[in-house]
Amino acid sequence: MKKSVRFYSGAELVAMAAIDAGCRFFGGYPITPSSEIAEFMSIMLPKVGGKYIQMEDEIAAMGSVIGASLTGEKVLTATSGPGFSLKQENIGYAYMAEVPCVVCNVMRGGPSTGLPTALAQSDIMQAKWGTHGDHPVIALTPAYLEEIYEMTITAFNLAETYRMPVMLLLDEVIAHLSSAIDLPDKEKLVIKSRRKPTVTPDKYYPYDTAYGDVPPMANFFEGYRFHVTGLSHDKTGFPTTDPELVQADQERQIRKVSSKAHEIFDYESYLMKDAEIAIFAFGSTARAARVAIDNARKMGIKVGMVRFRVLWPLDEAEVLKVCSRSKAVIVPEMNMGQLSTIIEKFTADRTKLVKINHVGGVPIHPTDIFNEIKGVN
Amino acid sequence: MAFEYEKYLRMEKMPHLWCPGCGIGIVLKAMIRSLDNMGWDKNDIAFVSGIGCTSRAPGYIDCNTLHTTHGRALTFATGIKMAQPAKHIVVFSGDGDATAIGGNHFIHACRRNIDITLVVVNNNTYGMTGGQHSPTTPIGYKTSTTSFGNIDPTFDICLLAKAAGASYVARSTVNKGKILEKYITKGLENKGFSVIVATANCHTQFGRKNKMGDPISARKWIESREIPLDKARNMKAEELYDKIITGEFISEEPEKTFWDNYNHSTQEYTDAYQTIIEKAQKSKDGESK
Ligand SMILES: Cc1ncc(C[n+]2csc(CCOP(=O)(O)OP(=O)(O)O)c2C)c(N)n1
Ligand code: SF4
Ligand SMILES: [Mg+2]
Chain A
2 MKKSVRFYSG
12 AELVAMAAID
22 AGCRFFGGYP
32 ITPSSEIAEF
42 MSIMLPKVGG
52 KYIQMEDEIA
62 AMGSVIGASL
72 TGEKVLTATS
82 GPGFSLKQEN
92 IGYAYMAEVP
102 CVVCNVMRGG
112 PSTGLPTALA
122 QSDIMQAKWG
132 THGDHPVIAL
142 TPAYLEEIYE
152 MTITAFNLAE
162 TYRMPVMLLL
172 DEVIAHLSSA
182 IDLPDKEKLV
192 IKSRRKPTVT
202 PDKYYPYDTA
212 YGDVPPMANF
222 FEGYRFHVTG
232 LSHDKTGFPT
242 TDPELVQADQ
252 ERQIRKVSSK
262 AHEIFDYESY
272 LMKDAEIAIF
282 AFGSTARAAR
292 VAIDNARKMG
302 IKVGMVRFRV
312 LWPLDEAEVL
322 KVCSRSKAVI
332 VPEMNMGQLS
342 TIIEKFTADR
352 TKLVKINHVG
362 GVPIHPTDIF
372 NEIKGVN
Chain B
20 MAFEYEKYLR
30 MEKMPHLWCP
40 GCGIGIVLKA
50 MIRSLDNMGW
60 DKNDIAFVSG
70 IGCTSRAPGY
80 IDCNTLHTTH
90 GRALTFATGI
100 KMAQPAKHIV
110 VFSGDGDATA
120 IGGNHFIHAC
130 RRNIDITLVV
140 VNNNTYGMTG
150 GQHSPTTPIG
160 YKTSTTSFGN
170 IDPTFDICLL
180 AKAAGASYVA
190 RSTVNKGKIL
200 EKYITKGLEN
210 KGFSVIVATA
220 NCHTQFGRKN
230 KMGDPISARK
240 WIESREIPLD
250 KARNMKAEEL
260 YDKIITGEFI
270 SEEPEKTFWD
280 NYNHSTQEYT
290 DAYQTIIEKA
300 QKSKDGESK
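In order, the protein sequence lines correspond to chains A and B. Just so we're aligned, residue 2 is where the first sequence starts under my numbering, counting upward by one. Just so we're aligned, residue 20 is where the second sequence starts under my numbering, counting upward by one.
Some hints here could point you the wrong way.
In silico lysine-lysine, BS3-like type, Cα no more than 27 Å apart, as pairs [claimed, not checked]:
(1) A:K356 x A:K274
(2) B:K106 x B:K228
(3) A:K197 x B:K239
(4) B:K298 x A:K187
(5) A:K48 x B:K298
(6) B:K210 x A:K48
(7) B:K32 x A:K197
(8) B:K262 x B:K250
(9) B:K106 x A:K48
(10) B:K26 x A:K204
(11) A:K187 x B:K303
(12) B:K250 x B:K197
(13) B:K239 x B:K201
(14) A:K261 x A:K236
(15) B:K61 x B:K201
(16) A:K236 x B:K32
(17) A:K197 x B:K61
(18) B:K303 x A:K48
(19) A:K204 x B:K106
(20) A:K204 x B:K32
(21) A:K204 x B:K61
(22) A:K236 x B:K61
(23) B:K230 x B:K262
(24) B:K106 x B:K61
(25) A:K48 x B:K239
(26) A:K299 x A:K328
(27) A:K236 x B:K26
(28) B:K301 x B:K61
(29) B:K301 x A:K187
(30) A:K274 x A:K129
(31) A:K187 x A:K274
Not the full set, but computed from the structure, chain B residues with beta-carbon under 10 Å of chain A [to be verified]:
(32) V67
(33) I99
(34) R131
(35) W240
(36) S243
(37) P247
(38) L248
(39) Q286
Simulated from the structure, these hints should not be mistaken for laboratory data. Glycine included, each C-beta is placed from N, C-alpha and C at the ideal position.
One chain only, chain B, in its complex shape (with noise of 0.2 Å):
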C-alpha cells in the first residue's frame, strides 16, 4: 500500500512556498516516514523551527507546531522538554539557523545530550534571504554576498555536534531519501540529543550562482561531492577538502576508539535533572523555616 503522508500533513495548508525542485521536500519526506516508523501519536509530538526556509516545515505538519526566531529554535524546544520530558520533540533547521545565528544553542543542546531531534537542512546558503553565504558555503563559491568567491571557512557540522557532546549524528543528503529516513528514524530512537545533516539542493539560491540553477544538475554537484565515511577513513586531507562525508559519526556501535569514547557519557539532561528533583526534595538546602 502507498505510504500516506496526509496523514500527517495539514493537506489544506498546500500548496507549499518552496521552489519546485527544492531539496527540502524530500527531508520533510524522510522525516514524516521517520515519524511513521515511531508509530507515536500525533499530539506526543512537538515540530519546532527558527526561521528560513527549512524552517517553514513545521506549518505543514499535523502536530503541536511551533515556528520560532531565527537561530533559536532549540531553547523553545529545551523548554518544553524540560517541561514535558515524556513527548517528542524534533526541530527543523536550516545551516544558518542551526550553525550561525543558533550556532551557541546548538552546541550546548548537544553539551546537553537533551532528548530531542534536530534535522538540519544544509543547503550552503542563505536560500530565504536571497542566497548569502553561510557557514557551510565551500570556499570559492558565489553567493549574493561572495560574488567574487567565497573565503569563510566552514564548519562541519558533524564533527561539531559530535565534538560538543551529541549522541547520535549522521549525515546523508537528499539523493538518498532512504538512507535519511534511516538516520532520522535512529535520531528519533535515540534517547539524547541527535544531530541529522541532510545535504539538500537549493538550486533557486546558491545553484543559480554557480551554474546549476536547476534541481538535477544541483543534486548532481552534491553527488559528485559524497563519499561515504568508510572511504573517507582511508582518504587524505587534502582528498577530502570540499567533500561530503555521509554516514553515521556516532551511532549505538560506534568504533570503541579513546576519542569516540571520550566525554560521550553524559546522561540524557531530562534523566539527569530527575535525579535533581529527587536530591532537592529529600535535602533541607533552602528550605523556608
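Just chain A, with the same shape it has in the complex (with noise of 0.2 Å):
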C-alpha cells in the first residue's frame, strides 16, 4: 500500500489511531484544548459503524465508556484538567474493576479553570494520584505528531493487555500542532486485544488469577452473567470483605504493571553516551531540550537527554543510572516540579538538579534550557 502523506493536527490524530486501533465507542464532554477530538470521532466513528456521544458531564463520560467496555467495545474518551478531575472517581472504578479504556488528557494550566487555552504539563500528578487509593497507572507522553499515532496505538493495546485504563497525556501545542507526516502502514500495525475466556460459563471467573495477573474478560451478553463492583471483590467478581483476599487482590492490581515496568517504560536517549548533564523532559519541553542540547554540543558541552515516551510506570533503576553519573540534571516541566520531586530522590547529594518550571502558558524556550546547561558546565 502507498503511504499517505498529508497535513495532520495532533487530535485528528488520536482519533485515527483510535479507530485504526479499533476503537468504536467514544463517550466525551467538550472541553478546551482537547474538543477536536470529540469532534473527529464525532465524524469518524459512525462511519466504521462505531458510536459517539456527547454525555452531560466528564462524569458521564466515564462512565459511559466503562459500560461500553464492559460489551466488548474498545473505548476512548478525551478531556482536559477540570474534566479530568470530575472523571477521577470513576476512572477509579476502571482500575477496581479492571475495565480497560483510553483516557486522553490534553493538558491545559490549572488549579480550577486555570489557563483553558495554554499549554501546560500539569497534570502527571494527578494522572498517577487523582483518584483515591492505591492502583497501577500506564500515562505515555508523546512529543511529535507522529507519536501521537503510534502511541494512541499503544495505549489501547496497553489498555486491552493489562486490563485497565491507560493514561494518554498531550501538551496543548502538540494536540494543536499540524503538520505533514508519513503514517505507517495499517497492515503493519500490531493490535491488541483483551484475552477472552476460553472455559465455559460456568467456570468463568471474572478475576480468576489462575490465568495470571491479567484475567482474561468475558463480554455481557456472551453467556458468561457476571458481576462488575467498584467494591473489592474476589475472583468470582461479589464484594468480599476478607482482608486476606483484598489484600491479594490490590497486590496483583499493582503488580500486573509493576512486574513489567521494565517492558512498558519507554524512553528516547539523546546524546547521552557520554555525556555529564543529563536533562529529563517529555512532551513539548522535550523539544525545547532538544535544540538546547545541540546548541550546546556545538560549544563542546557533553549534554544529553533522557525523553519520557513513557512516563507512568516510570523505570526508576533507568533514572538512577543517569543521575548517578551525571555531575548535573536538568528538569524542564510545564508544571511547579512535579517530575522533579520524583527525580530528586535520586540524584541525592552527589549530583546538581536544575528545576525549570514555567506555569504562565508559554512554552519553555530553548535558551532558558541552554542557559541553564551553561550554568551547571
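Could you fit the two chains together into a complex? Lean on the hints.
Here's what the structure looks like:
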C-alpha cells in the first residue's frame, strides 16, 4: 500500500489512531483544548459503525465508556484538566473493576479553570494519583505528531493487555500542531485485544488469577452473566471484606503493571553516551531541550537527554543509573516541579538538580534550558 | 404453579443484606416478575445500579450485573445500550442515587429517551448511610441530619421525569406489588426511557426517626398518603401537599392535552443514532483524503 502524506493535527491523529486500533465507542464532554478529538470522533465513528455520544458531563462520559467497554468495545474519552478531575471517581472504578479504556488528557494550566487555552504539563501527578486509593498506572507522553498516532495505538494495546485505564497525556501545543507526516502502514500495525475466557460460563470467574495477573475478560451478553462492582471483590467478582483476599487483590493489581514496568517503560536516549549533564523531559519541553542540547554540543558541552515516552510506570533503576553518573541533571517542565520531585529522590547530594518550572502558559524556550546547561557546566 | 423466583436469583448469594421487612424486596420481586413477563433470555439483560441499599439488588440477580458508582448507574447503562442497542437494560436506583447525586444523569437520560427502564426505590432517605435526608424527604420529617425537622422542599420524581422527556412514567408503592409489576412490565415494553417510582419503606432508618420503626407502621404511613392520580386531578394543591400520587403519568394513551404532547415526540435515542450512522456512511464529510 502507498504511504499517505498530508497535513494532520494532533487531535485528528488521536482519533484516526483510535479508530485504527479498533476503538468503536467515544463518550465525551467538550473542553478546551481537547474538544477537537471529540469532534473528529463524532464524524469518524459512525462512518465505521461505531458510536459517539456527548454526555452531560465528564463523570457521565467516563461512566459511558466503562459501560461500553464491558460489552467488549474498545473505548476512548478525551478531556482536559477540570474534566480529568471530574472523571477521577469513575477512573478509579475502571481500575478496581479492571475495565480497559483509554483516557486522553490534553493538559492545560490549573488548578481550577486556570489557563484554558494555554500550554501546561500540569496533570502528570493527577494521572498518577488523581483517584483515591492505590492502583497501577500507565501514562504515555508523546512529543511528536508521529508519536501521537503511534502511542495512541500503544495506549489501546496496553489498556487491552493489562485490563485497565491508560492515560494519554498530550501537551496543548502538540494536540494543536498541524504538519505533514508519514503514517505507518496500517497492515503493519500491531493491534492487541483483551484476552477472552476459553472456559464455559460455569467455570468462568472474572478475576481468576489462575491465568496470571491479568485475568481473561468476558463480554456482557455472551452467556457469562458475571457481576461487576467497585467494591473490593474476590475472584468471582462479588464483594468481599476478607482482609487477605483484599490485600492479595490490591497487590496483584499493582503487580500486573510493576512486574512489566521494564517492558512498558519507554524513553528516547538523546546523546547520552558521553553526557555529563542529563536533561529529563517529556512532551513539548523535550523538543525545546533538544534544540538547547544541539546548541550546547556545538560549544563542546557534554549534555544529553532522557525523553520519557512513557512517564508511568517510571523505570526508576534507569533514572538512578543516569543520575548517578551525571554531574548535573536538569528537569524542565510546564508545572511547579511534579517530575522533579521524583527525580530528586535519585540525585541525592552527589548530583546537582536544576529545575525549570514555567506555569505561565508560554512554552519553555530552548534558551531557558541552554542557559541552565551553561550554568551547570 | 408457584412462581419460580429462583430462576432469576443467585440463590448462593442469600441471605441478602437488607433488613427484614425492607421495601426493596417487594420492588425486586415485582422486577423479577416483570422480566419473566417479557420472557427475555437472561443473557440479554444487563441489570445496573449505583450505590445504596437499593443498588445492592444486581448482586442477587442472575443476569449481566453491574454495581457502579453512587449516582452514575445511568451513565454506565447508556454506554452499554449505545454499544448493544438490541439488549435490554434495567437500572435500579435509590431516591438519593437517582435524584441527588445522579440528578443530572437522570434528567439527561429522560431527555435522550434512551431505551432503558429505571426503577427508583423511593424510601425518602439515604438508607445505606444511616438515614440522612434526601431530595424526597417530606418537609417536617426527622432524619439523622434533620433532627429539628426537614426544611428542604422535595422533588416529585415523576413530574421531573415527565418534564425532562421520559416516555413512560408511573408510580406505585410497596403496598401494591401487583401494580408495581404491571408498571414495570409496561416500562420494559416501552421503547424509550421509562421511569417507575416505587415508594418504599425504610423503617430501620427513616421510620425509626418518625415513630414508625417497624415495617407495618411504615407501610401504613405510605398507605395513608397514597392518592390515585384520577382522584388527585380533582383535588386542590394544598390538599395534595405531602401526598404520594400514584398511577401512570405518561402511558401509551395519555390524555391528549397540549402539555402532555408538547415535547414528547422524541425518537428513541439508539434508533436516532442509527440514522446518524446511515447519514455518516453516505457523506464525504471529514473523510481522510
Ligand atoms: C460519591 C459518593 N458520595 C457519597 C457516598 C455515600 N453514600 C452511599 S449510599 C448513599 C445514599 C443512598 O441513598 P439512596 O440512593 O436513597 O439509596 P438507599 O440506600 O436509600 O436505597 C450515600 C450518600 C458514596 N458512596 N459515594
Ligand atoms: S436500611 Fe432501610 S433501605 Fe436499607 S435495607 Fe434497611 S430498611 Fe431497607
Ligand atoms: Mg433512599
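Verification of the hints:
The hinted pair formed by K356 (chain A) and K274 (chain A) meets the criterion: a straight-line CA distance of about 22 Å does not exceed 27 Å. Straight-line distance between C-alpha atoms of K106 (chain B) and K228 (chain B) comes to about 42 Å, which puts the hinted pair past the 27 Å bound. About 51 Å separates the Cα atoms of K197 (chain A) and K239 (chain B), which puts this hinted pair outside 27 Å; it is violated. At roughly 26 Å between alpha-carbon atoms, K298 (chain B) and K187 (chain A) fall within 27 Å of each other, so this suggested pair holds.
For the given pair, K48 (chain A) sits about 8 Å from K298 (chain B) by alpha-carbon distance, which is consistent with the 27 Å threshold. The straight-line distance between the Cα atoms of K210 (chain B) and K48 (chain A) is roughly 25 Å, inside the 27 Å bound, and the hint therefore holds. Restraint check for K32 (chain B) and K197 (chain A): the C-alpha separation of about 26 Å stays at or below 27 Å, so the hint holds. Of the pairs offered as hints, the one joining K262 (chain B) and K250 (chain B) holds, with about 12 Å between alpha carbons and a cut-off of 27 Å not exceeded.
Note on K106 (chain B) and K48 (chain A): the hinted pairing holds, with a Cα-Cα distance of about 22 Å set against a maximum of 27 Å. Taking the CA atoms of K26 (chain B) and K204 (chain A), the gap is about 19 Å. The hint holds against a cut of 27 Å. Between K187 (chain A) and K303 (chain B) the alpha-carbon distance is near 21 Å, which keeps this suggested pair within the 27 Å criterion. The straight-line distance between the Cα atoms of K250 (chain B) and K197 (chain B) is roughly 20 Å, inside the 27 Å bound, and the hint therefore holds.
Simply put, K239 (chain B) and K201 (chain B) have alpha-carbon atoms about 22 Å apart, close enough for the 27 Å limit, and the pair holds. A hinted pair counts as satisfied when its Cα atoms are at most 27 Å apart, and K261 (chain A) with K236 (chain A) qualifies at roughly 22 Å. Restraint check: the Cα-Cα separation between K61 (chain B) and K201 (chain B) comes to about 20 Å, which is no more than 27 Å; the hinted pair holds. A threshold of 27 Å between alpha carbons decides the hint, and for K236 (chain A) with K32 (chain B) the separation of about 15 Å falls inside it, so the pair holds.
For the hint pairing K197 (chain A) with K61 (chain B), the CA-to-CA distance comes to about 20 Å; that is within 27 Å, so the pair holds. A hinted pair counts as satisfied when its Cα atoms are at most 27 Å apart, and K303 (chain B) with K48 (chain A) qualifies at roughly 10 Å. Proposed proximity of K204 (chain A) and K106 (chain B) is supported: the alpha carbons are some 24 Å apart, at most 27 Å. The suggested pairing of K204 (chain A) with K32 (chain B) holds, with an alpha-carbon distance near 17 Å, which does not exceed 27 Å.
Distance restraint check for K204 (chain A) and K61 (chain B): the Cα-Cα separation of roughly 18 Å lies within the 27 Å cut-off, and the hinted pair is therefore satisfied. For the suggested pair K236 (chain A) and K61 (chain B), the alpha carbons sit about 22 Å apart, so the restraint of at most 27 Å is met. The hinted pair formed by K230 (chain B) and K262 (chain B) meets the criterion: a straight-line CA distance of about 18 Å does not exceed 27 Å. Between K106 (chain B) and K61 (chain B) the CA atoms are separated by roughly 10 Å; this keeps the pair inside 27 Å, and the hint holds.
Pair hint K48 (chain A) plus K239 (chain B) does not hold up; C-alpha atoms about 57 Å apart against a cutoff of 27 Å. Distance hint between K299 (chain A) and K328 (chain A) is fulfilled; the C-alpha atoms sit about 19 Å from each other, no more than 27 Å. A threshold of 27 Å between alpha carbons decides the hint, and for K236 (chain A) with K26 (chain B) the separation of about 24 Å falls inside it, so the pair holds. Between the alpha carbons of K301 (chain B) and K61 (chain B) the distance comes to roughly 37 Å, so the proposed pair goes past 27 Å and is violated.
Proximity of K301 (chain B) to K187 (chain A) is assessed by CA-CA distance (about 23 Å); at most 27 Å being required, the pair is judged to hold. Distance hint between K274 (chain A) and K129 (chain A) is unfulfilled; the C-alpha atoms sit about 30 Å from each other, more than 27 Å. Pair hint K187 (chain A) plus K274 (chain A) does not hold up; C-alpha atoms about 34 Å apart against a cutoff of 27 Å. For V67 (chain B), the suggested interface contact is upheld, since its CB lies about 8 Å from the closest CB of chain A, less than 10 Å.
At its closest, the beta carbon of I99 (chain B) sits 4 Å from a beta carbon of chain A; the interface hint therefore holds under the 10 Å criterion. A cut of 10 Å between beta carbons decides the hint on R131 (chain B): the least distance to chain A is about 9 Å, and the hint holds. Of the supplied interface hints, the one on W240 (chain B) is violated, with its beta-carbon coming no nearer than about 32 Å to a beta-carbon of chain A, more than 10 Å. A cut of 10 Å between beta carbons decides the hint on S243 (chain B): the least distance to chain A is about 37 Å, and the hint is violated.
Taking 10 Å as the C-beta contact cut-off toward chain A, the hint placing P247 (chain B) at the interface is violated, the least distance being around 34 Å. Taking 10 Å as the C-beta cut-off, the interface hint given for L248 (chain B) is violated, the closest approach to chain A being about 30 Å. Because the closest C-beta pair between Q286 (chain B) and chain A is about 15 Å apart, greater than 10 Å, the hint is violated.
Checked against the numbered hints listed earlier, the structure breaks hints 2, 3, 25, 28, 30, 31, 35, 36, 37, 38, 39; every other hint is satisfied.
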